[in-house]
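Protein chains: 2
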Amino acid sequence: MKTYAVIVAGGQGTRMGTAIPKQFLPLGGRPVLYYTIKAFVDAVPGITVVLVLPEEQISYNNMVLQHFEEIPELIIVAGGASRYESVRNGLDIVEEEDAIVFVHDGVRPFVSAALIRNCMDQAREKGSAIPCVTVTDSMRFCGEDGHKAIDRDKLRIIQTPQTFLAGPLLKAFAQEYRESFTDEASVMEQSGGEVFLIAGDKYNIKITTPEDLCIGEAILNMTAAK
Amino acid sequence: MKTYAVIVAGGQGTRMGTAIPKQFLPLGGRPVLYYTIKAFVDAVPGITVVLVLPEEQISYNNMVLQHFEEIPELIIVAGGASRYESVRNGLDIVEEEDAIVFVHDGVRPFVSAALIRNCMDQAREKGSAIPCVTVTDSMRFCGEDGHKAIDRDKLRIIQTPQTFLAGPLLKAFAQEYRESFTDEASVMEQSGGEVFLIAGDKYNIKITTPEDLCIGEAILNMTAAK
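Residue numbers (the working numbering), protein chains in the order written: chain A, 545 to 770; chain B, 545 to 770.
Please note: incorrect hints may appear among the correct ones.
Each pair may be met inside one copy or between any two copies, as identical chains are not told apart.
Claimed, not checked - Listed next, the in silico DSBU-like pairs over lysine-lysine satisfying Cα-Cα at most 30 Å (straight line):
| no. | residue 1 | residue 2 |
| --- | --- | --- |
| 1 | 692 | 670 |
| 2 | 698 | 546 |
| 3 | 698 | 582 |
| 4 | 750 | 698 |
| 5 | 582 | 670 |
| 6 | 750 | 546 |
| 7 | 715 | 692 |
If you are wondering where the hints come from, they were derived from the structure by calculation, not from laboratory data.
Pulled out of the complex, with its shape left as it was, chain A reads as follows:
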């Protein structure tokens, strides 16, 4: 069965205060995106990686590829104005309706092989796998009439790779864009598909600030020590 990892890397690095977009910043001496791509290539032999980059960043890609001993099968696609559009551009590469498609944030380099494989297995069986983790802090909901406590046991933090059987996913992405499309699960639901959660991993974090890079180095050392 054909598998695709659509890795979406749209960040400009503005919150980082750096000229280099965050997905190319070095983590343990290699760009963040190197780890993200390698996670999928190692976990799923034969996977096709579709890397969606802002047009002006496509030339940065050699910074990533030079770190691979064996260059992976990689297709680079220009991103769009929104995440929805970027993912849709990536999905243009997918033809087989029975393929499994992972849609993953480029700035989540610590996704484990176990999580990738669990997502693949569940998406094969049920059509989708949306990784999530429970909430350990108290939470509040801010509505129009002020804020109130919300039961954290009923909340889940959603991660990626959001994983789907290709057929229904391609159909969902043929819809017109809506503001409520914050992730692929919400796109899928809007087209009538059901989405199924799966246990994610607390350390599958997004790197979005310089401090996250420091924390990322710690996670990298932790993972390497295992």
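Mind docking chain B on chain A? Use the hints.
Same frame as chain A, but now just chain B:
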């Protein structure tokens, strides 16, 4: 004006898989609680620290105190069966109605002096300050009829120190315990008090797993480098 930091350290270390409770585990060679206590002592000169510990852990306290060059003013109180009860036991020490009381998790050692002082200023002015941060991941709400996307822009992650003017706080803690009391803000609201949010700090994390300790070391180095 009198100030109190009620630091609640109830953990047993079971999730840590260690015999030593998590609040006493070493971070950069010193117990987690050392940093937590020091943060308040350094930020608010003259503060009284009320450390609430499970009865069987009170003897561990020398592990913490030996790291201080100057021993802070510290009152140790035995905890109760719930967080509510533990905080109430700590509040027994507070007598002045116009004092400012910080209630803080023992396992949040990275609370900054700026956050502590901002909380103090707001609690003086408005009666309360509940630190919170915005949510950067997609979120879902799991109800009885399945799960659905929830607008993350309307959610806040609540941290500590939850900070209050003593009078209304003591009155709120004179109520009978309810299951809905998940934090001090919820206790306060139940007694008719309004609570006011304030911007928290993303790195004011809780240390609850061995991996958090690794991340904690990174945050510690980051903070030391500033």
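Verification of the hints:
1. In this homomeric assembly, residue 692 and residue 670 come within 30 Å of each other (Cα to Cα) only across copies, at 18 Å, whereas the closest approach inside a single copy is 36 Å.
2. Proximity of residue 698 and residue 546 under a CA criterion of 30 Å is satisfied in neither setting, with 35 Å inside one chain copy and 39 Å between copies.
3. For a Cα distance limit of 30 Å, the shortest separation of residue 698 from residue 582 qualifies neither inside one copy, at 34 Å, nor across copies, at 35 Å.
4. Proximity of residue 750 to residue 698 under the C-alpha cut-off of 30 Å is found in both arrangements, the shortest distances being 22 Å within a copy and 20 Å between copies.
5. For the homomeric pair residue 582 and residue 670, the shortest alpha-carbon distance inside one copy (26 Å) is at most 30 Å, but the shortest distance between copies (51 Å) is not.
6. When the C-alpha separation of residue 750 and residue 546 is checked against a cutoff of 30 Å, the pair qualifies only within one copy, where the shortest distance is 27 Å, while the shortest distance between copies is 41 Å.
7. For the identical chains of this complex, residue 715 and residue 692 are inter-copy neighbours only, at 20 Å across copies versus 38 Å inside a copy, given an alpha-carbon limit of 30 Å.
When each numbered hint is compared with the structure, violations occur for hints 2, 3.
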